[in-house]
Amino acid sequence: MVMDRPRIAANDARQVEVERGLTMEFGRDTPLLLDCGVALGPFTLAYQTYGELNADRSNAILVCHALTGDQYIAGTHPVTGKPGWWSLMVGPGLPLDTERFFVICINVLGGCMGSTGPKSVNPASGEVWALDFPVITVADMVRAQKLLIDQLGIEKLFCVTGGSMGGMQVLEWAAKYPDKVFAAVPIATAARHTAQNIAFHEVGRQAIMADLDWCGGRYLSEGKNPDRGLAVARMTAHITYLSEPALHRKFGRRLQDRHSLTFGFEADFQVESYLRHQGASFVQRFDANSYLYITRAMDYFDLAQEHGGKLANAFRDTPVRFCVVSFTSDWLFPTSENRDIVHALNACAADVSFVEIASDAGHDAFLLHEPEFSETLAGFIAGCAEHRGLNGR
Amino acid sequence: MSALDVASPASAATGRAERAALRPDLALIAEMVAPGARVLDIGCSDGALLEFLAQERGVTARGMELSQRNVNACVTRGLSVIQGDADTDLVEYPAGAFDYAILSLTLQATRDPRQVLEQMVRIGRHAIVSFPNFGHWRVRLHLLFHGCMPVTEALPERWYETPNIHLCTVKDFIGLCRDCGIEIEEALVLNDRQHRAALNTPHLANLFGQKAIFRLKKD
Chain A
1 MVMDRPRIAA
11 NDARQVEVER
21 GLTMEFGRDT
31 PLLLDCGVAL
41 GPFTLAYQTY
51 GELNADRSNA
61 ILVCHALTGD
71 QYIAGTHPVT
81 GKPGWWSLMV
91 GPGLPLDTER
101 FFVICINVLG
111 GCMGSTGPKS
121 VNPASGEVWA
131 LDFPVITVAD
141 MVRAQKLLID
151 QLGIEKLFCV
161 TGGSMGGMQV
171 LEWAAKYPDK
181 VFAAVPIATA
191 ARHTAQNIAF
201 HEVGRQAIMA
211 DLDWCGGRYL
221 SEGKNPDRGL
231 AVARMTAHIT
241 YLSEPALHRK
251 FGRRLQDRHS
261 LTFGFEADFQ
271 VESYLRHQGA
281 SFVQRFDANS
291 YLYITRAMDY
301 FDLAQEHGGK
311 LANAFRDTPV
321 RFCVVSFTSD
331 WLFPTSENRD
341 IVHALNACAA
351 DVSFVEIASD
361 AGHDAFLLHE
371 PEFSETLAGF
381 IAGCAEHRGL
391 NGR
Chain B
394 MSALDVASPA
404 SAATGRAERA
414 ALRPDLALIA
424 EMVAPGARVL
434 DIGCSDGALL
444 EFLAQERGVT
454 ARGMELSQRN
464 VNACVTRGLS
474 VIQGDADTDL
484 VEYPAGAFDY
494 AILSLTLQAT
504 RDPRQVLEQM
514 VRIGRHAIVS
524 FPNFGHWRVR
534 LHLLFHGCMP
544 VTEALPERWY
554 ETPNIHLCTV
564 KDFIGLCRDC
574 GIEIEEALVL
584 NDRQHRAALN
594 TPHLANLFGQ
604 KAIFRLKKD
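Quick mapping for you: the protein sequence lines, in order, are chains A and B. Residue 1 is where the first sequence starts when you use our numbering, and the numbers rise one by one after that. Residue 394 is where the second sequence starts when you use our numbering, and the numbers rise one by one after that.
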């Protein structure tokens, strides 16, 4: 392992700021064997930590980020200048209290915020990987994270948590390394990606690949970027993160900076303007090929299939304490999918709590100010800390 | 869901001091539970019994509760509770998963009490069941003299608003256990002053017991 700056495409000026973050290199001597059969190495993982690791290294919480998230969960994001994606949840006195816990978030393998992904340089060729990058899975992401946690000298994580794809990683962690995880909080997630979710991802990927500036994936070498395709992918996906009531509440049929319809195709409606803005700002911080790879990893996720077709097999005799959380208006990862996880855990008499939070914010609710969610998470973490003997600092 | 639970939702937020005032029927249930056991409290309401058992008896405590609001309150207190329905969700658990499966003042509100009871003695080495006794003398007199469905301290709702769709007497319950081949290990009743009543015959228990508590098992 070598502490090093991430190797990123030289022509991608947007990412220079990222180099200030923490990174570790792995796989130089022993490559990581991926599910697709490729041995990957060397590769870099970029990560951030918050709070301090205690003397016996028992207070570490690993937060796993979602599809378009990254390792900047609290503080100011170095690229966007906005607060980290879970700054409502991670910080002094917050549910993931950085005065008590050492919180770690790692940019996933295949990501574009400093970890090795399709926009990194392939050390074998000296070229940007692009579509030569191997297809990775959620299990691969977790295998890579495990290497970093080992390097930090953390024998057992106090808690692993995350929403959406982050929740998939939580489930994978608990299933693969039950003795390395004390508590697991999968949020707004599923043990398998549904046909509907694969379908939405495919629309996003097709939008990217239909953009001529995608150049068969080699846009970085060509000095281009498939901004339009990636923006459309983001716009489509963003709708799935909300809910009809939330869209209605936020926008209704209100017009954008005008008093009447234009009888054209400008963004007449506020909701159109909002989505265009979401698309345009997303392309400033995200790599199109990473979007293809990470959506694919989610599509491939099926924890039951990895365990003989029965989800309960993934958790047999698990010592992990689980708290599964869903949101009433989340139709992307609905309560029923989360409840399937609970049913499987019950079938092995696992220690599981399950809460459904009433919210009209849709899938995005786990990122937003939802007091009942914060209180529940704080209560569960505090209860687990008591069982783990982590009282005070 | 405890259909007859009179504890206010606010009690979920209160702490250690309140545990002294564990509801009398719950205190009797707690006495039946061996220290260090694995317990599933079905219909655990605000988690008062679970918290008492975890703190005072060192049990591994889990709960199932119908009301999402109560579930969230329990999890916020650090208890392991899931949202679930006794009628449908007990089948998921493996046999012998717990030392005790507890159902307090909820059996009468289930759709299929017999099925629930059978599931309890399957997933628990022991089952502990409490219910309001419809054979209590006040209930009998109420029906006899008023001619309408009894409304008593233990059964406060009127017939059209009560969740209690399968009320039974102590005698009825003993009959169901016999029909199911379930062994009664211990039986207690609370009188209408909420005192444990020493009633040695089923007949007297059925007449003077306001609430009944049974510890059961099936080999």
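No lab work stands behind these hints: they were computed from the structure. Note that the Cβ used here is the ideal one computed from N, Cα and C, for glycine as well. One or more hints might be untrue.
As the list claims (entries may be wrong) - Simulated restraints on C-beta separations:
id: 1; chain 1: B; residue 1: 576; chain 2: A; residue 2: 336; range: 35 to 43 angstroms
id: 2; chain 1: A; residue 1: 372; chain 2: B; residue 2: 574; range: 43 to 51 angstroms
id: 3; chain 1: B; residue 1: 448; chain 2: A; residue 2: 99; range: 21 to 29 angstroms
id: 4; chain 1: B; residue 1: 507; chain 2: A; residue 2: 38; range: 36 to 44 angstroms
id: 5; chain 1: B; residue 1: 507; chain 2: A; residue 2: 368; range: 43 to 51 angstroms
id: 6; chain 1: A; residue 1: 54; chain 2: B; residue 2: 448; range: 22 to 30 angstroms
Said to hold, decoys possible - Keeping only pairs whose Cα atoms sit at most 20 angstroms apart, straight-line, the calculated EDC-like set for lysine to aspartate or glutamate is:
id: 7; chain 1: A; residue 1: 310; chain 2: B; residue 2: 505
id: 8; chain 1: A; residue 1: 176; chain 2: A; residue 2: 155
id: 9; chain 1: A; residue 1: 310; chain 2: B; residue 2: 482
Do the hints match the structure? See the list:
1. 576(B) with 336(A): 35 to 43 angstroms: holds (38 angstroms)
2. 372(A) with 574(B): 43 to 51 angstroms: holds (44 angstroms)
3. 448(B) with 99(A): 21 to 29 angstroms: Since residue 448(B) and residue 99(A) have Cβ atoms about 26 angstroms apart, the given range 21 to 29 angstroms holds.
4. 507(B) with 38(A): 36 to 44 angstroms: Between residue 507(B) and residue 38(A), where Cβ atoms are some 57 angstroms apart, the hint is violated.
5. 507(B) with 368(A): 43 to 51 angstroms: holds (45 angstroms)
6. 54(A) with 448(B): 22 to 30 angstroms: The hint (22 to 30 angstroms, Cβ to Cβ) holds, given that residue 54(A) and residue 448(B) are roughly 25 angstroms apart.
7. 310(A) with 505(B): violated (29 angstroms)
8. 176(A) with 155(A): Given pair residue 176(A), residue 155(A) holds - Cα atoms ~15 angstroms apart, limit 20 angstroms.
9. 310(A) with 482(B): holds (18 angstroms)
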